[in-house]
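Undergrad: Starting from the known structure of chain A, arrange chain B with the ligands on it as the hints suggest.
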Amino acid sequence: MHNPKPSQGAAALSLFCLHCLGGSAREWQGVERELGAGISLVGIDLPGFGSAADVPGYSVAAMAEHVAAQVRAAAPGRWMLAGHSMGAKVAAVVARQAVAGAAGLEGLCGLVLLAGSPPGPEPMSEERRADMTGWLDGDAAHRATQAREFVAANAVTLTPEARAAAEVDVLRANPAAWRAWLQSGSREDWAERVGVLPLPALILAGAEDGDLGPEAQRRLMAPHVLTAEHHDLPHARHLLPIEAASTVARLITRFAALPPGETQPPRIPPHYRALLESGRTSTALRDALLARVAPEADTRRAWLPAGAYAVLEAALDRVIPQSPHARIDLAARIERSLAEDAGDGWRFADLPADAEAMHQALLSLDALGRLLHQDGFTGLTDAGRDTLLHRVADGQAAAAAPGLFDGSQMALWFQDLRAMAVKHYVGHPATLARMGYSGVASGGDGPRKSGFTRFGIGEREAWEPVALAGEAP
Amino acid sequence: MKLDTMRRHGLGEVVDAVVIGTGAGGAPLLARLAAAGLRVIALEAGRNREPEDYLTDEALSADLYWRGERLAAGETPQAFGANNSGIGIGGSTLHWGAFVPRVDARDLQLRQDSGQGRDWPIKLDELQPLYVELEAFLGVSGPAHYPWQPARHYPLPALPRNAPAQAMAMGAAQLGVATCNAPAAVVSQDFAQADGPTRLACVHCGYCHQGCRNRAKVSMDTTFLPLAVARGAEIRPGCFAHGLERDSQGRITAVLYRQDGREHRQLCAAVFLCAGAVETPRLLLHLGLGNRSGQVGRNYMAHVATQVWGTFAEEMRGNKGWPSSLMSEAMVRPRDADFAGGYLLQSLGVVPQTWADGVARGRGLWGRALVDYIDRYNFTAGIGINGECLPYDHNRLTLSDEIDETGLPKPHIAFSYGENERRLQAHATRLMTGIWQEAGATDIWALPRSAHTIGTCRMGTDPDDAVVNPFGRSFDIDNLWICDNSVFPSSLAANPALTIMALSLRTAAAFLDR
Ligand SMILES: Cc1cc2nc3c(=O)[nH]c(=O)nc-3n(C[C@H](O)[C@H](O)[C@H](O)COP(=O)(O)OP(=O)(O)OC[C@H]3O[C@@H](n4cnc5c(N)ncnc54)[C@H](O)[C@@H]3O)c2cc1C
Ligand code: SF4
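Taken in sequence, the protein lines are chains A and B.
At position 239 of the first sequence the residue is numbered 239 (the UniProt record's numbering), and the sequence of numbers has no breaks.
At position 211 of the second sequence the residue is numbered 211 (the UniProt record's numbering), and the sequence of numbers has no breaks.
A few of these clues could be false.
[As the list claims (entries may be wrong)] Computed spacing ranges between beta-carbons, pair by pair:
no.	chain 1	residue 1	chain 2	residue 2	range
1	A	Pro447	B	Ala144	25 to 33 Å
2	A	Glu461	B	Ala178	43 to 51 Å
3	B	Ala144	A	Ala288	39 to 47 Å
4	A	Arg218	B	Glu405	48 to 56 Å
5	A	Asp406	B	Gln189	54 to 62 Å
[What the hints assert, rightly or not] Which residues of chain A face chain B? A partial, calculated answer using Cβ under 10 Å:
no.	residue
6	Pro321
7	Asp344
8	Arg347
9	Leu412
10	Gln415
11	Ser442
12	Gly443
Because the hints were derived from the structure by calculation, they are not lab data.
All C-beta atoms in this analysis are idealised placements derived from N, C-alpha and C, irrespective of residue type, glycine included.
Next comes chain A alone, as it looks inside the complex (with noise of 0.2 Å):
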């Protein structure tokens, strides 16, 4: 049941789940029995372990590429990535390839990261690791009462099935996979690869977890996230998926869909603030970018009535899709723009003023909806509003009713609305971190402003902060 199987569609998410060193898809049973409707958990067995035991290839790169074919076969729409502890180093890597654009990977929308073994070398002692290098070598009374101890030892409390599950597992894993993690695998360095992956994290560490605890995660894994949510599990170790199912379910259910109408700002990630906060930025630029973040900026000021402006935050949904765990309240800042500014010197001589057509538009829009798909706009699904918004673009849809805008007037309309929707998104600065840019960092309040010395193809400064998303594939 835990081999990966091709999506339902019923299923809004896959949640694809990677083992712990000495586990197996099988440690995600518990969880998987309380997860949320509309999460289908796709647990894998990492090469070397579980049903994958005979599978060769241990090295982060081979269990990653094994990982990622097990996705493409499984081919899902909007998928999440969870790791533990060794998985979690797989995750991040397979969330990079992915991010990067590699085919077959499109949709993640989200990592889950359990006392994960960060990117970069895992903190280990070296008496630790060699000890523990031996375990699985020699006789079965040896290895039996070594895979007891592993699991004791990385657990608070646990039933005596999950128990003997645990140590079964362990004894599963194939010596040589457990060995190249310990030598190798866990020693690996990730970190500048996998860098800061624009994606929103749920980060849970044990409370009384050891090298993997609660300060790791924060220092060690959250800088490599946009944004991350922390929760320490109390009363709980390592073997975070076993001994604490339930609240890892509960927490996953939540973070895979916020509530309705929830959702979290994005976060600019430390290496970016701390750019804005150097001497580079000048005094003036960086009160005024912060202030862009700040919550006021996502407050309404409101004059659209309800309906028409749930058209607008529905439309904007689709314009620039965001994910709810980063997202800059577009609607709002445009609502608030087109009451406040002064206006950007210009208009289209078939619109009306810009608020008005904008309040046009969206009645106009919504009509749409009812005259070519039966709905209001909020009423159509994402697909159906794409549809409209397609024919919008191509000057086809014509409300036809007086007071409505024409087809060539929401065209227009709908330029309009692109163009104020990238000038809110494009100028947060959680934005531009994502997009690498380092013109924030123009010049410092000194008599002589800096600038950049290195600008040549392929030319950066040591500080210039790099796209999260990577290179082009």
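TA: Same frame as chain A, but now just chain B with the ligands:
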């Protein structure tokens, strides 16, 4: 700029001239007239700034642009605001790109050569010495050898090429299209500006369009206007001119303007209207002056300014470096052209909000495709053109029936490309696409756009057919002069500002000689 110690004049004092607008057209002549000992006042609708005030972010620079609403009509409606219209002491030169090609002699006689467009009543020989003088005074940086005019020498060494320029040079070379470092009204070395603070060498920050914080880039408030003030000119910021009083002979006696909500009336012996090719005709149409020819507002032109973008395997980071550091005059008269005139090519560096606006409007991306493409910003680079736009009677600025906050009707600008512009655009798009293919770009796309505001008060020799004479003097009102982008009879392929400044010096000389 520093205005606190400037000479001031009384409202009741009949000054020799009032200059309306302090951009590329108004500033040089203001300095010239002051230097000749005349009592001159400039009225500027916008505010005064120090280079320190600029914010290197587009949304935060919005007050550099003329934000009074203009109504864009026609088949290819033009964007105004940030696209082409400045406000403030210095006018559009506060946020211009400072690319300063000289005009090609053939562009001044396009009609004679091709039967299309309109000829200038001026020959290149008259402009050439003015270009040389301007380049020296402004500190223009340019290539040691200019391929299309070997005798040309620039006072300062060229600015270095940024990544888009390097890529364009490679691609163009493969196609046999000659390129060179672009002449820039930007100092590549610290430069002692006559009568103003020293201008520091360009630091390649790439924010020219948001205002240069180093004074490296020429703007009127760091060059001609300090000179004007040092010679006794007065500059009044925040003053919107909205009326002209005349005597019984029809000569202007005073300019009416509003400052901080208060009305003022400045007596004067002459007026120089230098408000740009939208505000100048708007004011004249509103006042019903200077339009015996019926030409005010007609022949509105905007350069064909199509861009072609591509994605590269390596980082380009076009926000860095002086934006248009490579250019080519090879297409001023393309051999295989099926259109009149030609175009200049230049490499581009575009900061993110402006770039994304082009992606969202011009490429029409939205949804996941838009978000993913925005993530690739650092890997994209563009090339652009500045192409001849023929004057058409129907491309026209008129007054709408909506009144704006100044109390004047909002201007309505109908602008449609003709067959010539469409062909030129197609030719340029093919060439730029080819250059990017040779340079190794993928995902290549074209962004149709137009730039600059040109025409509407053309100069000429026939009072029935032109608004001003070849020196910018109104045919109807002999103490009214116009000097800005509106007097251009044809668009020229060259970007306009250097030529506007040359005309400004020429108009000043004619005024002093009259
Ligand atoms: C983004 C951008 C990039 C550009 N890049 C280049 C380039 O690289 N090379 C180039 O050659 N050209 C470039 N240009 C064009 C160039 O800046 C203009 O052609 C030139 O400045 C026009 O000069 P002007 O005198 O006609 O008008 P402006 O320079 O616009 O000056 C007009 C002034 O008049 C003032 N004014 C208007 N009405 C009134 C009134 N009623 N009362 C008082 N004051 C008034 C305005 O506030 C303004 O300051 C660029 C323009 C822009 C916007
Ligand atoms: S690139 Fe050079 S000229 Fe342009 S704003 Fe920066 S310092 Fe000034």
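Undergrad: Each of the hints needs a verdict: does it hold here or not?
TA: Hints, one by one, checked against the model:
{"no.": "1", "hint": "A:Pro447 with B:Ala144: 25 to 33 Å", "in the structure": "holds (30 Å)"}
{"no.": "2", "hint": "A:Glu461 with B:Ala178: 43 to 51 Å", "in the structure": "violated (32 Å)"}
{"no.": "3", "hint": "B:Ala144 with A:Ala288: 39 to 47 Å", "in the structure": "holds (41 Å)"}
{"no.": "4", "hint": "A:Arg218 with B:Glu405: 48 to 56 Å", "in the structure": "holds (53 Å)"}
{"no.": "5", "hint": "A:Asp406 with B:Gln189: 54 to 62 Å", "in the structure": "holds (57 Å)"}
{"no.": "6", "hint": "Pro321", "in the structure": "holds (6 Å)"}
{"no.": "7", "hint": "Asp344", "in the structure": "holds (4 Å)"}
{"no.": "8", "hint": "Arg347", "in the structure": "holds (6 Å)"}
{"no.": "9", "hint": "Leu412", "in the structure": "holds (9 Å)"}
{"no.": "10", "hint": "Gln415", "in the structure": "holds (5 Å)"}
{"no.": "11", "hint": "Ser442", "in the structure": "holds (4 Å)"}
{"no.": "12", "hint": "Gly443", "in the structure": "holds (6 Å)"}
Violated hint: 2 only; the structure is consistent with all others.
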